[in-house]
Structures are given as structure tokens and as C-alpha cells.
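Student: Below, each chain spelled out in residue letters.
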Amino acid sequence: MDIITFTSDFGEQDWFVAAVKGEILKINPRAKIIDISHTLSPFNIRAGAFLLKNVYRNFPEGTVHLAVVDPGVGSKRKPIIVFSENYYFVGPDNGIFSYIYNSKSRVYEIIFKQITSSTFHARDIFGPVSAYLSKGERIEKMGREIKRYIKFEFPKLKKIGKKIYGEVVYIDSFGNLITNIPNSLNLGSFKISQIGKKVLIKDSYSEGKKGEFIGIKGSCGYYEIALNQGSAADLLNAKIGFSITGELT
Amino acid sequence: MDIITFTSDFGEQDWFVAAVKGEILKINPRAKIIDISHTLSPFNIRAGAFLLKNVYRNFPEGTVHLAVVDPGVGSKRKPIIVFSENYYFVGPDNGIFSYIYNSKSRVYEIIFKQITSSTFHARDIFGPVSAYLSKGERIEKMGREIKRYIKFEFPKLKKIGKKIYGEVVYIDSFGNLITNIPNSLNLGSFKISQIGKKVLIKDSYSEGKKGEFIGIKGSCGYYEIALNQGSAADLLNAKIGFSITGELT
Amino acid sequence: MDIITFTSDFGEQDWFVAAVKGEILKINPRAKIIDISHTLSPFNIRAGAFLLKNVYRNFPEGTVHLAVVDPGVGSKRKPIIVFSENYYFVGPDNGIFSYIYNSKSRVYEIIFKQITSSTFHARDIFGPVSAYLSKGERIEKMGREIKRYIKFEFPKLKKIGKKIYGEVVYIDSFGNLITNIPNSLNLGSFKISQIGKKVLIKDSYSEGKKGEFIGIKGSCGYYEIALNQGSAADLLNAKIGFSITGELT
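Sequences listed follow chains A, B and C, in order.
One point on numbering: in our numbering, the residue at position 35 of the first sequence is 35, and numbering is uninterrupted.
One point on numbering: in our numbering, the residue at position 153 of the second sequence is 153, and numbering is uninterrupted.
One point on numbering: in our numbering, the residue at position 13 of the third sequence is 13, and numbering is uninterrupted.
In short, the hints are calculated from the structure, not lab data.
Honestly, I wouldn't trust all of these hints.
No copy is singled out in the list; a pair is fine if it fits within one copy or between any two copies.
Pairs of lysine-lysine, DSSO-like flavour, derived with a Cα cap of 27 Å [unchecked claim]: (1) K26 - K198; (2) K76 - K198; (3) K135 - K26; (4) K191 - K26; (5) K76 - K209.
So here's chain A without its partners, still in its complex pose (with noise of 0.2 Å):
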């Protein structure tokens, strides 16, 4: 297919990412790369996590996703591939593609000789077997198959009654806190110790009040909490693992 995707937490100041897209290029000039994002925080796997969760069917079968956020890189942890739904994955085996695997997926650990530095996996190894697998080269000829490998499950939902208990998973660069809790569910309003009075489930973003909290069905499946024209995030002091009730209808 030649679209290589790429994730990572290198920021885009320096030149890393481009260092990987060139040595990408080398092995198939063909290549498409398209940036997912590199402003990653540094040591969140889990929220690359979702992240990848959220755009990988967004592109077209046998499109490589190359993700590389990688706080142990140089440690003992495995690089991989993974195969999965007719899209490639490559990084490092440290959790960044849990929420991805299911019972059909296939990991394979990287058998790759050139390493040059112990410090750049991405330039020297996570690109170039992009780049190989971009062209249609298969993953046998570059890894092992292999069965144990480091997967974090999603946060749980707790039910009581009429009430969901769960937790903000992601928060986006508007400040919405994206939660657990599937739109499957039929929520009519969220309950958060801060704001006094309950938070109402509109249809858009646009139907809040200036300065109002709502809940939304969000497009990636779960609910969201926004304020409208602000940052729910800023003005509840929330992070990942910020706990919300939901209330069904």
C-alpha cells in the first residue's frame, strides 16, 4: 500500500522524526508518511495507546502503523511487529498497542541485524522494517512469532444501580475528557462532585452555553465531557483516571 503512519513522543522541534521518514525513504521512495502525532507525552503509554486505538481503521487495510513511544528503549524490552485486522503495527513491546490486540492478532518479535545505535531504534530499526514491510516484504523474513507480550486491559466500568461509575481515559487538545463509558450506553447526564448541578447529554458541542459543561456521544465511540468554548479539562483540574458517573436513563 506505501502509508506508513507515524506516532511517537519526539516532539517536532528536533530532527528525529525526519531522521526515520529519510531512512524510510531510502528502502522505498514510494512511501507515504503521514504524521499522526509526535507531541505524545514522553511516558504516556497508555494514552498513545488510545490513541492508535482511535485512527487505525481510519486508513486503508495494509497500512503500517509505526509507533514509537519508548521511555525503555535500550532496555530488554522486544521490538515488534503485530498483525492484526489487515494493518501492520511496528514499536516497541512495552503496551502501546494494547488496545489493538484481539484473538486473531499475531506478534512477532524483530530479528534485525544493523543495529547502530542503542538509542535511536526508530532511525535504525522500527522505520527500516516499516519501510521493508510497506513494500510488501513479509513479516517472516524480519521476526519471530511470538505468543507473551505486554498488553494493558481497559479501564473497567462499575455498575450500581442506575449509576456508571468510570474515568476519563484521554483528554484532547481542547480539553474534552474523553471517558470510558461507550455510547452504547443510554446516559441521560453525568454527575461530577465539582459542578453543582448535573451535566446534561446534548447532541453537539454547539448546543452548550458559553462557560456550560455537557456530555456528548463523542466520535471515538465513548462519551465525552466539553465545556463549550473552554477547556473541561483546565477548569476541573482533571487528568487521565479522573473519575465519572454517568446516570443512565
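Since the structure of chain A is provided, determine the placement of chains B and C on it from the hints.
Tutor: Relative to the frame of chain A, chains B and C by itself:
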């Protein structure tokens, strides 16, 4: 032409920009997607309109300009396609295309069935429509022409004697103040109340001394006020709409 | 080759980067434009030079490296093309290419007629020249060779006994301090006055304890000083030029 530019207020941290690009590539794998900016102020449609006005002609004719600064997503504002000067524009009818409209522009309301989300029209409507246009699909297959649409007027100048009363229409990331006074007027200086002496017009940024305010004929066709090696906006605490008085020679 | 990399201090908020890309695509619609960085400090040419030095060879030979960090735009600094090691470099003659020059590099002053703006040479000169080079146009048609150009020296080391006196040449966005001490020297530790104990050399970032300073052989060929899971630059208040003393084993 296969070229699609993409302007939004989505930020670069999350997966939103990439989700739109992925859906475009599903429809047109040959699309060449060029980012213009994704860090527009979410609710500043006029700044987005000015930005588009300044860059759309730098692209080859036939380019599709996708622009989504859309605080009203989910409300009743129409999704539109504009065809003007052999360029296509796709986005919400909220004024974002105000400064590209001329008497020959044609505007179409998008009629598009597959709406799956009420909060992410860029991914579900605007991106796919842009992809089809970039493949050569006819506008008439996706929209119906309309005659009424939202258009802001570009701020007007007032002229009294040798004085031109204008205002700041855009502040760039260097802090330069871009005015609505066209380079075609022959200004000798600016008068700004917070600055004791006249701000003289120079030929280039580098002619100012460090810390000196200068006026120059800007690359986008309007006079700018700059602080050599500094941010004029910060030092003057100037926002969009800030009053500027030019003095004709 | 059709590959053009693009480095600038234009920021990512405005239309400047896209305007250059559009003009490139008008000339060479097949161009593949890869961003290196657009958030360089506007007036830090040495940091830009170090960044280029670290990444240009990661791209295939024939790549055109467009680099515009240009506080002197509009002044008398020359626009130049450099041909070195089968790469092309296009930008201002202000030292930005200092660290790629070698005895075989050839430097050409650009002779280019269509100058329409005195403040946006990237769009009006450097971008178009890069596009023509990427299409295979000969340098000699666009420039004339010159023998005098601006070249900063890379900061030199001082060696006294087992001590190596160096300095910080770049600070990356993680806050790692990149020094001018090459990996080829066999350092056992660093001595930094603000840090009580010796900073030991480790094999990778992840070997340091949280909050511990470590030295490592960096991926760009020089020793780096890092703070595990933190910013060494912030904690030491270190800028480019900060003194670093290495101790040979």
C-alpha cells in the same frame, strides 16, 4: 490534481487530523495532502479566513482547499463546497471562505448521506468530499448550488486627509501585526499611541535596529508592523482589531 | 529524486510553510516535501546548522535540503545553492550550512530573476529553486559558483590530562544536552559543577534512575547528558554554550 490542503483548529497532539487524512486516502490513495495550519484559534474564523486568502493561490489550480474551523459543528450551519478561480474549497458555511468569494464564485450545499457522527464532520463529510473532488468527481454529484451563504466583509479603511485609519487583521507567530492597509498605498510612517516616535517604513525586517518598531510592505500584500528581533504583538499587547494609523507620504 | 526536505523558523501556525510548498508543487507536482523542523529559534543559526548536520545523510542521495533560518532576509546576504556529497542545499548564505561544508563542497550564488517580495524569499526564491533542482535542473542554470561564503567553526574541544573541556551545542526537545564531545573518545564520566556527584556514562537512557543525570553516547555521534524522565536543560538552566567537562577513562 490530487492536491488537497488541510486547515483546521484540531491541534497537532491528537488523532483528529490523521483520521481525516486516512479517510481521504481510502477514497483517493494518490491524494497529496499538504497541511496549512492546525493550530488556528478554535473560535477565530476571521483569522482562518485571512490565512486562507493569503495562501490558496500559491497552490496549482485544481487544488482542493479543505478548511474546518467549526465551532458550530452539529448545529444547522451548512456544509459547503465553493468553486472559485479554478480552486475548490470544502468546509462549513460559517464565514471561513469570506475572503476568497468574488462575483464569479459558486457555492454548493453538500448533500452527503453517510453521516455517522454528529461531532466529527471533517472525518465523515468534508474529508471524503475533498477526496472525491481531488479524484475529479463533479461538484454537482455531491451538492446543490445555493445563493445565500455567510460572508464577512474585510475591515474597511477610513481616510481623513493624509491619515489612514486601519486595524490589525492577523498576528503571525513572530508577533508581526498584519494590517488591512494595502501595500499599494504610499505610507511614510505609522503612528501608534503607545510608541512615542513615528514608526518608519523600511524595506526589510533586517533594516530595523534590535528592539526598534518598523513598518514594512508585507509579503501578503498589506503593511505589517514588526519589532526587529522581537514580538510587536507582545510588546504592544495588540490583538486582532487593534487600531493602526498610517500616514501617507 | 523528487525529495525536498524543509527546515525553517516559520512556526507551524501561519501559512508561510504551506505557501512555499504550494509554489514548489506548481513547479514540480511530483515533489515529496518532508518537514524537518519549523520551530527553530528564529535567530539561532548555529542550532539550525547542527540540526541539518545530523539529518541530511538520513535521506537518499539527490535529496534537496531547503533550509531557511534567515533573520537577514532583505539584507545583502546572498541566496545560495550548495552541492556536497550528492546532496543539494538551498538557503541563505548566513552560516546555516556551516557544518556540512567540506573541501569538495561547491557553493553557488543564486541568480534568479522573478523576485516579487523583499520579505519572503523562501516562497519567491528558495522554494522555486529547490523545486527546479528536484526536477533535475542543472545548478549552473540557476547560479554561479562562488569561493567565499560564511562558515562557522564547530566549537573545539580542549584537552588537559584526562579532562576534556567541551560545551553544549544543541538542546533537544526532551531537554537532553548534546555536547561537542564525540562518541569516539572514551569517557568514563562527566563533571558538572551544579551536580554534586560524577555523572556516569550509561548504555541507554533507561539505565538511569528517575531523576538521575546520566551521560550516554548519543545517536548523532556526540555524548549527551540526560536526566532520566526529566529535562536536564531545565534543571541545570543550561543554554547552548554551557560548559561540560568530560573525564577520560
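Student: Give the relationship of K76 and K198 under a CA distance limit of 27 Å: within one copy only, between copies only, both, or neither.
Tutor: between (48 Å within a copy, 26 Å between copies)
Student: Checking an output row: K191 and K26, CA cutoff 27 Å. Within, between, both or neither?
Tutor: Neither. Shortest intra-copy (54 Å) and inter-copy (40 Å) distances fail the 27 Å Cα cut-off.
Student: Go through the copies and call it for K135 and K26: within, between, both or neither, with a Cα cutoff of 27 Å.
Tutor: both (12 Å within a copy, 18 Å between copies)
Student: For the identical chains here, do K26 and K198 meet the 27 Å Cα criterion within one copy, between copies, both, or neither?
Tutor: Neither: 56 Å inside a chain and 41 Å across chains, both beyond 27 Å.
Student: Checking an output row: K76 and K209, CA cutoff 27 Å. Within, between, both or neither?
Tutor: Classified as between: cross-chain Cα gap 16 Å, same-chain 51 Å, threshold 27 Å.
Against the hints set out earlier in the document, violations occur for numbers 1 and 4.
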